[in-house]
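Residue numbers (my numbering), protein chains in the order written: chain D, 1 to 112; chain S, 1 to 118.
By construction, these hints were calculated from the structure, which means they are not laboratory data. Watch out, some of these pointers could steer you wrong.
[Stated by the list, open to error] For lysine-lysine, the following DSS-like pairs were computed, each having C-alpha atoms within a straight-line distance of at most 30 Å:
1) S:Lys105 x S:Lys68
2) S:Lys71 x S:Lys5
3) D:Lys9 x S:Lys68
4) S:Lys105 x S:Lys54
5) D:Lys9 x S:Lys56
6) S:Lys68 x S:Lys56
7) S:Lys71 x S:Lys105
8) S:Lys71 x S:Lys56
9) D:Lys9 x S:Lys54
10) D:Lys9 x D:Lys57
11) D:Lys57 x S:Lys105
12) S:Lys105 x S:Lys56
13) S:Lys5 x S:Lys68
14) S:Lys71 x S:Lys54
15) S:Lys54 x S:Lys68
16) S:Lys5 x S:Lys105
17) D:Lys9 x S:Lys71
18) D:Lys57 x S:Lys54
19) S:Lys5 x D:Lys9
20) S:Lys5 x S:Lys56
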Amino acid sequence: DSGVTQTPKHLITATGQRVTLRCSPRSGDLSVYWYQQSLDQGLQFLIQYYNGEERAKGNILERFSAQQFPDLHSELNLSSLELGDSALYFCASSVGGVRELFFGEGSRLTVL
Amino acid sequence: DQQVKQNSPSLSVQEGRISILNCDYTNSMFDYFLWYKKYPAEGPTFLISISSIKDKNEDGRFTVFLNKSAKHLSLHIVPSQPGDSAVYFCAASASLGAGGTSYGKLTFGQGTILTVHP
Chain D
1 DSGVTQTPKH LITATGQRVT LRCSPRSGDL SVYWYQQSLD QGLQFLIQYY
51 NGEERAKGNI LERFSAQQFP DLHSELNLSS LELGDSALYF CASSVGGVRE
101 LFFGEGSRLT VL
Chain S
1 DQQVKQNSPS LSVQEGRISI LNCDYTNSMF DYFLWYKKYP AEGPTFLISI
51 SSIKDKNEDG RFTVFLNKSA KHLSLHIVPS QPGDSAVYFC AASASLGAGG
101 TSYGKLTFGQ GTILTVHP
């Protein structure tokens with residue numbers, strides 16, 4: 001158990017819909033990261049938040065957005081969903097300035 | 001543009017023998033490298049890391065070697081055990097951001113499936 005909690009574990013929805021994925025970081029970790037793993041792909045960095053502020057951005061689509069709340073939990077919002085958005089979405093956390101990330105178990109999104 | 005590559009999609013090894021997983025990178029700004037292990041239905045778990053100022057780091061059965069001139073790193077597992085069967089991801093990081101707070105922007109390879117046979 002990494003201490004990072006992600007909900008929901010599985011989500012099935014239709015094209016055009018919007019979903020929200022939630023992440024609770026390890027106690028004391030200020031940084032939250034979101035990664036996407038599509039079929040046969042490595043993990044792709046989406047976005048990082050540090051203590052409520054956006055700190056780094058990867059190849060995150062404009063249809064996707066994220067935020068980190070004062071209690072440090074984070075949400076990843078995916079809208080106007082397309083079939084290609086089907087993937088595993090991982091959240092990770094760290095104490096800022098440390099490069100070893102602790103990952104949650106992921107949220108598997110299936111878009112039909 | 002694949003900045004971190006794991007060219008072997010899979011590797012099969014006999015229990016007790018050495019497993020060698022390889023990783024190549026292209027970005028000269030990477031200065032920290034990590035290996036993660038992933039079991040099905042679980043998130044990646046940190047295994048071992050190495051800074052670019054070193055060429056070797058050892059932790060029990062796991063050793064990571066870094067060859068900066070070749071932009072190549074490898075993970076050695078000795079001896080291999082059936083419980084090591086998993087997907088292994090190589091990841092790289094560059095020092096970015098104020099105060100190092102963007103260190104966690106890791107660039108991952110596609111992974112190598114290791115199977116250790118009893």
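Outcome of the hint check:
| no. | hint | in the structure |
| --- | --- | --- |
| 1 | S:Lys105 x S:Lys68 | holds, 20 Å |
| 2 | S:Lys71 x S:Lys5 | holds, 11 Å |
| 3 | D:Lys9 x S:Lys68 | violated, 39 Å |
| 4 | S:Lys105 x S:Lys54 | holds, 21 Å |
| 5 | D:Lys9 x S:Lys56 | violated, 37 Å |
| 6 | S:Lys68 x S:Lys56 | holds, 11 Å |
| 7 | S:Lys71 x S:Lys105 | holds, 19 Å |
| 8 | S:Lys71 x S:Lys56 | holds, 14 Å |
| 9 | D:Lys9 x S:Lys54 | violated, 39 Å |
| 10 | D:Lys9 x D:Lys57 | holds, 24 Å |
| 11 | D:Lys57 x S:Lys105 | holds, 9 Å |
| 12 | S:Lys105 x S:Lys56 | holds, 23 Å |
| 13 | S:Lys5 x S:Lys68 | holds, 15 Å |
| 14 | S:Lys71 x S:Lys54 | holds, 13 Å |
| 15 | S:Lys54 x S:Lys68 | holds, 9 Å |
| 16 | S:Lys5 x S:Lys105 | holds, 16 Å |
| 17 | D:Lys9 x S:Lys71 | violated, 37 Å |
| 18 | D:Lys57 x S:Lys54 | holds, 29 Å |
| 19 | S:Lys5 x D:Lys9 | holds, 29 Å |
| 20 | S:Lys5 x S:Lys56 | holds, 20 Å |
Of the numbered hints listed earlier, those contradicted by the structure are 3, 5, 9 and 17.
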